[in-house]
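A.B. asks: Chains as they are written, first to last, in our numbering: chain E, 1 to 284; chain C, 1 to 795.
Hints in this document: simulated from the structure, not taken from any laboratory.
If you're wondering where the values come from, they're calculated on a predicted model, not measured in any experiment.
All C-beta atoms, glycine included, are put in the ideal place defined by N, C-alpha and C.
Chain E is faced by these chain C residues, among others (derived, beta-carbon under 8 Å):
id: 1; residue: Leu-705
id: 2; residue: Leu-713
id: 3; residue: Met-724
id: 4; residue: Lys-794
id: 5; residue: Val-795
Computed Cβ-Cβ distance ranges for the label pairs, DEER-style:
id: 6; chain 1: E; residue 1: Ala-22; chain 2: C; residue 2: Asp-65; range: 35 to 41 Å
id: 7; chain 1: E; residue 1: Tyr-8; chain 2: C; residue 2: Pro-500; range: 52 to 58 Å
id: 8; chain 1: C; residue 1: Arg-29; chain 2: E; residue 2: Arg-83; range: 33 to 39 Å
id: 9; chain 1: C; residue 1: Val-42; chain 2: E; residue 2: His-154; range: 44 to 50 Å
id: 10; chain 1: C; residue 1: Glu-196; chain 2: E; residue 2: Pro-163; range: 54 to 60 Å
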Amino acid sequence: MKAPDFSYLRAESVDQALDLLARHGDDARLLAGGQSLMATLNLRLSAPSVLVDLNHIPDLAGITETETAVRIGAMTRHVAVERSPVVARHLPLIAAAMPHVAHAAIRNRGTLGGSLALADPAAEMPACALALQAVLEIAGPGGRRRVAAADFFHGLFETDLAPDEILVAIEYPKAPAGARWGFRELARRHGDYAMVGLAAMVEGDPICGAGRLAYFAVEDRPVLAHAPASKLVGEVIDDTAITAAEDALDADLDPHGDLHADAATKRHLARVLTRRVLGDLRTV
Amino acid sequence: MTDANRPLSVFDRPNSYVGKTVPRPNAKRLVQGRGRFVDDMVLPRMLHAAFVRSPYAHATIQSVDTSAAKDVSGVVAVFDGHRMQTLCEPWVGTLKHLAGLRSPPQYPLAVDAARWQGEPVAMVVATSRAVAEDACELIDVDYDERPAVADAESALDPDMPLVHAEFDSNLAWTRTVDAGDVDGAFVDPDVTVVEETFHFGRHTGVTLEARATLADYDPASDQLTVYYSGQAPHMMQAVFARHVGVPEANIRVISQDVGGSFGIKIHTYGDDMATVVVAKALRRPVKYVADRLESFVSDIHARDHRVRGRMAVTKDGKIAGLEIDDRTGVGPFSAYPRTSAIEANQVLNLTGGPYRIENYRARGEVVFQNKCMMSQYRAVGHPIACAVAEGLIEKAADAVGLDSVELRRRNVIPDDGYPCSSASGLKFADLSHEAALDRLVDLIDLDRLRHEQSELRAKGVYRGIGIAQFIELTNPSPMFYGIGGAPIAAQDGATVRLDPSGTIHVATSVTEQGQGTDTVMAQVAATAFGVSLDQVRVTTGDTGAVPYGGGTWGSRGAGIGGEAVYQAGRALRDNVLATAAAILQSSAGDLDIADGTVVDASGAERIALSELAKMVYYRGTELPNDLQPELVATRHFRVTDYPFVFTNGCQASYLEVDPDTGLVRLLDHWVVEDCGRVINPQLVDEQIRGGVVQGIGGALFEECLYSDDGQMLNANMADYLVPMAAEMPDITVAHIETPTSTSALGAKGAGEAGTAGAPAAVMNAINDALKPLGAKPLTTHPMTPQRILRALGKV
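Pulled out of the complex, with its shape left as it was, chain E reads as follows (with noise of 0.2 Å):
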């Protein structure tokens, strides 16, 4: 199929991107990576009237750390982050989840912000983004503002982004001394959306302090299950605690089925993935 006809619009700056989507309204989408975004064009899935292209604007991209934080800018390509020493270092997390996005192709076009600002809930970005309590940096017409990811995701491809708001930065405090990180997904093929994923953060070594399990892939956003992590406060990872984690889990997940797993085996995926992951984590 060929996309319908719209209009393109060449941003050189978050003002004038902020501009353009004031003036267009419903009528713009924002273009980023366009791993998704071209795909639903070209499906006639979406028929924005004008787009108004990121790629462009100069400071958008770029991983830049703070003593207490790496901040990645919304436009950094997935790939970028996947070859950061600096993520390497501080966000292991992140560095461990990034293979798991989609195909080297696609990484080398998808950006960060893309990932978060659609919000896909089967897609590791947002997930990650929860358990590392990520801070989204939002330009508006109002000026900026900042978001914990907690608050960001609404549901199916909704986020608190406005209409008019542009995603700029992501924030990620580093991991502090002694955090343990765990990610995995089940997929039936290697690139695809999962089936069930995992990304987990754990503070403390051997004694956990907070913790934080994001489900993703299970319902309409990534999850944080607090009951598996409340489990963990105060114990060292062992066979009790994990399956303490995992017999709470029921309470805190709802899986949507999809077309690879229906409601019931996801619940049982995300039990195997928790056992699994913090498996990967225990201390004994």
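Guided by the hints, dock chain C onto chain E, whose structure is given.
C.D. replies: Here is chain C on its own, set in the frame of chain E:
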């Protein structure tokens, strides 16, 4: 006959290319992007077609309002079913030899009723595809949705709606095979009876290049040229002539580079036909290229079978009886001109084919339903027949306490037992089941594998070994289609011509769709005639330039087309030697052609071919006046005496199942097969590997998922899972070479073998892996993680 006992032939000469892997002459062109596929073609005044397709599986079409679409700038014409009906003769997908098969007339666009989601309903022709698609969105079709017949299993139930009101039921065709005394065999108190029900989901071809047609009509000469991505140009020439109203002699079908086909591109599609019809009506070239979404709901689907089977086995492991009942759903029409009954027919014919089974009964029912049409796709019927028999054999072996390899050994037709016939009436010759099975057991080192498996089981790792024995139908004779009235040639021709440069030019009616036909034909011609490979040029895929023939399908390219090339090459050699003898005042019998030169018995050069040809073409005065040399020869070949030339082989799969997730990791796969004389080992091996991958696709990944109301749910490349390289195992291929005695070349086909056996091997391996866990046997293909978890009782 073993290799050592066989007399030396032309194929054993030192300069023979038969049996050698050589570089593919067309590979460089294709990898450099110089291929010429239909969508690369641009003609002056060319228009583009797009189609409105039914969103419903079954609906009455109350009206089609095309007025807004016609007003779009760039739109040249819009057609609905009624207008199209006036321009095109309908077709009916039946054949005389499939007694009782029925299917109603079919038009390019749905008329008054749509019968599957994806059926073309209206067509827009415009100056670009994008404009045509814009206009499609403005066509207002008023549908009245009707209840759909989706599930084949219930399609014959009395309360089901009818797909076609003119028929009394949704039955398209039924056939029963009944040989020996099946009832007696099963009631014998000395036999053990096992039974099982198998399901094979729908899948489809997913060719890299989608279906594509570019039709160009010249009214001045009433000449129609169709650039067509397909496998059987001459068949399409006849089909277009019958239904478009242009004399067959005035139609030229050109199938140049074709990006995969797998049987998908050998059927008549409404959108293709409409494209040709409209090109004639508008007197302008019209191009239509299916996009990926349309391909999923319009390319023929394959499989969709439910087979109940039971097998009776004696205590000493002899198969005393086999009975199967196949129900298959083929969508709303039987495909034209090959029909949609062939797959069920093949299941009935092939099941249990490797074994001596005297008592065999098989019933097949082909039913209409409101789903995409189903018809012939790679390895028609084979994977179903193989999985049913091999699945039952595993169960039977367990039941009588025998190793399943041993059970197979006790039942296969012995290698010295040919020629012979199967219970279903197939004639077999030159097969090697015993040798192939021995070779496979040796190749996989079965004892070591079993040892490794049991050691790992103790550690909670569940690996399985699965074996499958198969027969493969190749080199079909006119008994396949032509006998039933289809315009499908079972013979193929080749013309080999010597040019003044000393090169030979081969024109053959078999086609190239990526598997290396051109290379194989060049190898055969070079060997038969006596030149080096770089002195051969090959033309295929043009009805205006090649002899008449069937094309490439049913694993017939090398076996039938290759034999025609071989015979033509030998005939040209005789012609050249007769000419050389006259020129050299020698005797043809004392001369030979080697490496581009006419040589004498000692191998000494007498005259170069280029010199001889130049003398003939330019300097005829130097020739005797009574000599009119023919430096061209044409030969045709068809298989006689046998309806088909069967091949055989066996496969093994080694895999690991994760019993917690249901995911299967393929570790290794082996194929031993006997395609007769191997012309190009690498191309044969790659055919086999590609076939295995498609078989694995059906076994583990690919499935056209439908809702209860006939909506295909995963008609895109994200949700329809094709097998990908990352998940594929290494595939080891070994050969037994028993040349077919039906031809001098001795080549049988190899295109179906991989697909025929892989699903059964994988299925048996999964069930072997899960046996210690008490899982219910997996018999529904594809064997998805969810189905495996269910079999294990975990979800």
